[in-house]
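As given, the protein sequences belong to chains A, B, C and D, one line each in that order.
Those letters in the first sequence? Residues 6 to 255, per the working numbering, in order.
Those letters in the second sequence? Residues 55 to 106, per the working numbering, in order.
Those letters in the third sequence? Residues 184 to 401, per the working numbering, in order.
Those letters in the fourth sequence? Residues 62 to 280, per the working numbering, in order.
Where hints are given, some of them may not hold.
Here are the simulated SDA-like pairs of lysine to any residue, each with C-alpha atoms no more than 25 Å apart in a straight line [what the hints assert, rightly or not]:
| # | chain 1 | residue 1 | chain 2 | residue 2 |
| --- | --- | --- | --- | --- |
| 1 | C | 336 | C | 218 |
| 2 | A | 16 | A | 30 |
| 3 | D | 198 | D | 233 |
| 4 | A | 16 | A | 26 |
| 5 | D | 198 | C | 288 |
| 6 | D | 198 | C | 258 |
| 7 | B | 61 | A | 183 |
| 8 | B | 100 | A | 15 |
| 9 | D | 198 | D | 254 |
| 10 | C | 336 | D | 88 |
| 11 | A | 16 | A | 83 |
| 12 | A | 16 | B | 100 |
| 13 | A | 16 | A | 82 |
| 14 | A | 16 | A | 71 |
| 15 | A | 16 | B | 87 |
| 16 | C | 336 | A | 101 |
| 17 | D | 198 | C | 253 |
| 18 | D | 198 | D | 153 |
| 19 | C | 336 | D | 113 |
| 20 | A | 16 | B | 97 |
| 21 | C | 336 | D | 233 |
| 22 | A | 16 | A | 170 |
| 23 | C | 336 | D | 254 |
| 24 | B | 100 | B | 85 |
| 25 | A | 16 | B | 85 |
| 26 | B | 100 | A | 88 |
| 27 | B | 61 | A | 41 |
Just the calculated beta-carbon pair ranges, DEER-fashion [as the list claims (entries may be wrong)]:
| # | chain 1 | residue 1 | chain 2 | residue 2 | range |
| --- | --- | --- | --- | --- | --- |
| 28 | B | 103 | A | 22 | 51 to 57 Å |
| 29 | C | 203 | D | 132 | 37 to 43 Å |
| 30 | C | 188 | D | 256 | 56 to 62 Å |
| 31 | A | 82 | D | 250 | 21 to 27 Å |
| 32 | C | 184 | D | 128 | 57 to 63 Å |
| 33 | C | 226 | A | 24 | 58 to 64 Å |
| 34 | B | 99 | A | 86 | 27 to 33 Å |
The hints are simulated quantities; they were obtained by calculation from the structure and are not laboratory data.
Positions of the beta carbon are idealized from the N, C-alpha and C atoms, including for glycine.
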Amino acid sequence: MSLWEYANPVKFLGLSERVMPWLWGFAAACLGVGLIWGFFFTPDDFRQGSTVKIIYLHVPAAFMAIQAWFMMLVVSLIWIIRRHHVSALAAKAAAPVGVVMTLIALVTGAIWGQPMWGTWWAWDPRLTSFLILFLFYLGYIALWEAIEDPDTAADLTSILCLVGTVFAVLSRYAVNFWNQGLHQGASLSLDKEENVADVFYIPLLVCMAGFVLLFLALVFYRTGTEIRVRRTRALIAREGRGAAAQVEGA
Amino acid sequence: MIPDLGKYADAVLSAYAVSIALLVGIVALSLWRGRRVRAQMVEAEKRAGRNG
Amino acid sequence: MRALFLRDLVLALRAGGGFGLGLAFFLIVVVLVPFSVGPSSELLGRIAPGVLWLGALLACLLSLDRLLAVDWEDGALDLLATSPLPLEGVIAVKAAAHWVTTGLPLVLAAPVLGVLLNLAPQGYGVLVLSLALGTPALSMIGAFGAALTVGIKRGGLLMSLLVLPLYVPTLIFGAEAARRAAEGQDPATPLLFLAGITAGVLACMPFAAGAVLRVNLR
Amino acid sequence: MGGFCALSCSGSDIVMELSVTDLAVGRGGIPLLAGLSFGLARGRALVLRGPNGSGKTTLLRTVAGLQLPMAGRVEVGEDSVAYAAHADGLKAALSVAENLRFWAAVFGQSGIDAALRAFDLEPLAERRAGQLSAGQKRRLGLARLVVTGRPLWVLDEPTVSLDAASVAQFGAAVRAHLGHGGAALIATHIDLGLEADVLDVTPYRAAADAMAATDEAFL
Numbered sequence: 006m007s008l009w010e011y012a013n014p015v016k017f018l019g020l021s022e023r024v025m026p027w028l029w030g031f032a033a034a035c036l037g038v039g040l041i042w043g044f045f046f047t048p049d050d051f052r053q054g055s056t057v058k059i060i061y062l063h064v065p066a067a068f069m070a071i072q073a074w075f076m077m078l079v080v081s082l083i084w085i086i087r088r089h090h091v092s093a094l095a096a097k098a099a100a101p102v103g104v105v106m107t108l109i110a111l112v113t114g115a116i117w118g119q120p121m122w123g124t125w126w127a128w129d130p131r132l133t134s135f136l137i138l139f140l141f142y143l144g145y146i147a148l149w150e151a152i153e154d155p156d157t158a159a160d161l162t163s164i165l166c167l168v169g170t171v172f173a174v175l176s177r178y179a180v181n182f183w184n185q186g187l188h189q190g191a192s193l194s195l196d197k198e199e200n201v202a203d204v205f206y207i208p209l210l211v212c213m214a215g216f217v218l219l220f221l222a223l224v225f226y227r228t229g230t231e232i233r234v235r236r237t238r239a240l241i242a243r244e245g246r247g248a249a250a251q252v253e254g255a
Numbered sequence: 055m056i057p058d059l060g061k062y063a064d065a066v067l068s069a070y071a072v073s074i075a076l077l078v079g080i081v082a083l084s085l086w087r088g089r090r091v092r093a094q095m096v097e098a099e100k101r102a103g104r105n106g
Numbered sequence: 184m185r186a187l188f189l190r191d192l193v194l195a196l197r198a199g200g201g202f203g204l205g206l207a208f209f210l211i212v213v214v215l216v217p218f219s220v221g222p223s224s225e226l227l228g229r230i231a232p233g234v235l236w237l238g239a240l241l242a243c244l245l246s247l248d249r250l251l252a253v254d255w256e257d258g259a260l261d262l263l264a265t266s267p268l269p270l271e272g273v274i275a276v277k278a279a280a281h282w283v284t285t286g287l288p289l290v291l292a293a294p295v296l297g298v299l300l301n302l303a304p305q306g307y308g309v310l311v312l313s314l315a316l317g318t319p320a321l322s323m324i325g326a327f328g329a330a331l332t333v334g335i336k337r338g339g340l341l342m343s344l345l346v347l348p349l350y351v352p353t354l355i356f357g358a359e360a361a362r363r364a365a366e367g368q369d370p371a372t373p374l375l376f377l378a379g380i381t382a383g384v385l386a387c388m389p390f391a392a393g394a395v396l397r398v399n400l401r
Numbered sequence: 062m063g064g065f066c067a068l069s070c071s072g073s074d075i076v077m078e079l080s081v082t083d084l085a086v087g088r089g090g091i092p093l094l095a096g097l098s099f100g101l102a103r104g105r106a107l108v109l110r111g112p113n114g115s116g117k118t119t120l121l122r123t124v125a126g127l128q129l130p131m132a133g134r135v136e137v138g139e140d141s142v143a144y145a146a147h148a149d150g151l152k153a154a155l156s157v158a159e160n161l162r163f164w165a166a167v168f169g170q171s172g173i174d175a176a177l178r179a180f181d182l183e184p185l186a187e188r189r190a191g192q193l194s195a196g197q198k199r200r201l202g203l204a205r206l207v208v209t210g211r212p213l214w215v216l217d218e219p220t221v222s223l224d225a226a227s228v229a230q231f232g233a234a235v236r237a238h239l240g241h242g243g244a245a246l247i248a249t250h251i252d253l254g255l256e257a258d259v260l261d262v263t264p265y266r267a268a269a270d271a272m273a274a275t276d277e278a279f280l
């Protein structure tokens, strides 16, 4: 039993059929519990008032926005090195989810920033970095959409993901240098800085777990969809050559 | 039922509304496309089964 | 390699698309800025380094979609791929020719346009230096973007979407160096970062671009 | 070596310029030709025939190394292929001589006079390539082959837009190339007046249910 066995599309579909109900279930449970707990049963922060409740969306979304890109990087590398189709399709499947996470982080950040900093948007390094990450996601998805041949698209987007990662990190340092910023330092780390008290910390962890599970469920489901698109394409190509390119939803 | 959010009620509620709408949106979009693609695949498989 | 470089230069000269257009575009952007933000010389002087950098960046972007597309359409790229030249070298040489035909004229014209924008006198040297250090990276990154989108019809817009985020670090450090110098601060740190990025890009990007081009040619 | 070799290589001591073993080629993940085996010896030409869309161009691109075979092997000497396709890669803004000199330099050769003479381009040498007629452009594109100095010419429909005299000229150029120990693989529909073997690719069409390597994992 090797992990690579699941690089076979059929095996992967079988695995995801078995795993997905659990993922969806736990994701819904964690998100439900975490968000309700955070929204209804946590006290207001003495400085930030009730806006502190936004943390249960903002921080997990920001976390997942970065993790989604990181996951795309890993599966892109797997595609480049081992040529498993499932991994290329998983990268394609994850990108729109990453976009949504980035968007949530940006929007909740803006809504939070308005009462706290008195402005919807500041060219703060963290906000700016997320905006740049958002642009990278858009470019990545646009490249997937623009290329017809699936293997060519997988190759090109993988290299773009690699190069993009380097430049995203460079940009992060560049904007740090460029503007020192208003944003508080990372308010969440494993050793629990004092500015996040237990009352906030535990529901936040539950929400983080919920976001991770939701992301996994979505990626599994969407990868399955991409595999089915390819299978449909292959079946049609076998049926009559030439009609292959026009698979709806491809 | 809704806790007292004080003067920041608008901000907190809109943040939750937007985020949940986006999450529901991506889930619904994924499910909708997944269903459609699955139906197409079943269709193609049926045809392939008939012909060969 | 030398032949390819010279050929690209001659083509840019004869077709008139290289030297002239980018420079004219740069000029127009710079001229339009006062119309949009007002003629206050104090304000113009403050934003001059940033405007000049942005103008140079856009002028550079303008000519990128023809960098490989012409050779792709007339089949020359296929022939070059079967020639003894490595594709990485082809890309690097074409990027170098692109820099000489667009980047270099922009570097030389920037001080003149700085006068139009009321740039502070102490800023000229570092502005030219930062552009000279930064624009080669813009050409090389752009060549990567051109290689990515070479097979796509109407790939120009997509290429801008892919390339512009990659320009962020270069733009930040370049404009920051020019701004600091204009304000009388020490520009050494951003200049060093800028030079580092350019060196890294020139060293690594030809390989990424060559790999991408090989995928597109097959 | 496969069945076709018997035609093209009569002796075992002949130096092979190209040998293809059980080759399958395809475009966009769809296989077009499969099970191809042939060899090409020095001094010989092989003409490929087959209807449009049968995969001749794809086969030539694979032999030239521009794309990877889906299966099988292509053995050619390193840096031995000169490829010419429908697009000539000519620059309209450069003169005939400049175009040729550029390609000669890229391939590490010098001297373009022989090439100009072979295709009767001497009177046009200083003319811009953009001002040439279609047939003249084509001749310039073929003259490029001469300046590459490469032994194996891989040509895709070389005689498009050539008149009868130019075709004869082209035939002569190929014969001269073969006479110097070169070889040529040509996809064409017309008779070039060459003493060449003919390979019809039609029987090698990939079977309808042969699935693309890229897609078979999904079936």
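Cross-check of the supplied hints:
1. Of the pairs offered as hints, the one joining residue 336 of chain C and residue 218 of chain C is violated, with about 35 Å between alpha carbons and a cut-off of 25 Å exceeded.
2. For the suggested pair residue 16 of chain A and residue 30 of chain A, the alpha carbons sit about 22 Å apart, so the restraint of at most 25 Å is met.
3. Simply put, residue 198 of chain D and residue 233 of chain D have alpha-carbon atoms about 18 Å apart, close enough for the 25 Å limit, and the pair holds.
4. The hinted pair formed by residue 16 of chain A and residue 26 of chain A meets the criterion: a straight-line CA distance of about 17 Å does not exceed 25 Å.
5. Proposed proximity of residue 198 of chain D and residue 288 of chain C is contradicted: the alpha carbons are some 34 Å apart, above 25 Å.
6. A hinted pair counts as satisfied when its Cα atoms are at most 25 Å apart, and residue 198 of chain D with residue 258 of chain C qualifies at roughly 13 Å.
7. In summary, the hint linking residue 61 of chain B to residue 183 of chain A is not supported, as the alpha carbons are separated by about 34 Å, beyond the 25 Å threshold.
8. Restraint check: the Cα-Cα separation between residue 100 of chain B and residue 15 of chain A comes to about 18 Å, which is no more than 25 Å; the hinted pair holds.
9. Between residue 198 of chain D and residue 254 of chain D, the direct Cα distance comes to roughly 22 Å. Compliance with the 25 Å bound is thereby established for this hinted pair.
10. Distance restraint check for residue 336 of chain C and residue 88 of chain D: the Cα-Cα separation of roughly 18 Å lies within the 25 Å cut-off, and the hinted pair is therefore satisfied.
11. For a cut-off of 25 Å, the pair hint linking residue 16 of chain A to residue 83 of chain A stands: about 17 Å separates their Cα positions.
12. A threshold of 25 Å between alpha carbons decides the hint, and for residue 16 of chain A with residue 100 of chain B the separation of about 21 Å falls inside it, so the pair holds.
13. Pair hint residue 16 of chain A plus residue 82 of chain A holds up; C-alpha atoms about 21 Å apart against a cutoff of 25 Å.
14. A C-alpha spacing of about 28 Å is found between residue 16 of chain A and residue 71 of chain A, which places the hinted pair above 25 Å, so the restraint is violated.
15. Straight-line distance between C-alpha atoms of residue 16 of chain A and residue 87 of chain B comes to about 22 Å, which keeps the hinted pair within the 25 Å bound.
16. Between residue 336 of chain C and residue 101 of chain A, the direct Cα distance comes to roughly 24 Å. Compliance with the 25 Å bound is thereby established for this hinted pair.
17. For the given pair, residue 198 of chain D sits about 17 Å from residue 253 of chain C by alpha-carbon distance, which is consistent with the 25 Å threshold.
18. For the hint pairing residue 198 of chain D with residue 153 of chain D, the CA-to-CA distance comes to about 10 Å; that is within 25 Å, so the pair holds.
19. Between residue 336 of chain C and residue 113 of chain D the alpha-carbon distance is near 24 Å, which keeps this suggested pair within the 25 Å criterion.
20. The hinted pair formed by residue 16 of chain A and residue 97 of chain B meets the criterion: a straight-line CA distance of about 21 Å does not exceed 25 Å.
21. Under the criterion of a C-alpha separation no larger than 25 Å, the hint pairing residue 336 of chain C with residue 233 of chain D is inconsistent with the structure, at around 39 Å.
22. Taking the CA atoms of residue 16 of chain A and residue 170 of chain A, the gap is near 30 Å; set against the 25 Å cutoff, the hint is violated.
23. Between residue 336 of chain C and residue 254 of chain D, the direct Cα distance comes to roughly 40 Å. Violation of the 25 Å bound is thereby established for this hinted pair.
24. Proposed proximity of residue 100 of chain B and residue 85 of chain B is supported: the alpha carbons are some 22 Å apart, at most 25 Å.
25. A threshold of 25 Å between alpha carbons decides the hint, and for residue 16 of chain A with residue 85 of chain B the separation of about 21 Å falls inside it, so the pair holds.
26. At most 25 Å may separate the alpha-carbon atoms for a hinted pair to count; residue 100 of chain B and residue 88 of chain A exceed this at roughly 29 Å.
27. In summary, the hint linking residue 61 of chain B to residue 41 of chain A is supported, as the alpha carbons are separated by about 20 Å, within the 25 Å threshold.
28. Restraint check, residue 103 of chain B to residue 22 of chain A: a C-beta distance of roughly 21 Å breaks the suggested window 51 to 57 Å.
29. In this structure the supplied range 37 to 43 Å is violated for residue 203 of chain C paired with residue 132 of chain D, their Cβ-Cβ distance being about 51 Å.
30. Separated by about 43 Å at the C-beta atoms, residue 188 of chain C and residue 256 of chain D break the suggested range of 56 to 62 Å.
31. About 47 Å separates the C-beta atoms of residue 82 of chain A and residue 250 of chain D, a value inconsistent with the hinted range of 21 to 27 Å.
32. For residue 184 of chain C and residue 128 of chain D, the hinted distance range of 57 to 63 Å is not satisfied, since their beta carbons lie about 25 Å from each other.
33. For the hinted restraint 58 to 64 Å between residue 226 of chain C and residue 24 of chain A, the CB-CB distance of approximately 59 Å keeps it satisfied.
34. At roughly 32 Å, the beta-carbon separation of residue 99 of chain B and residue 86 of chain A lies within the given 27 to 33 Å, and the hint holds.
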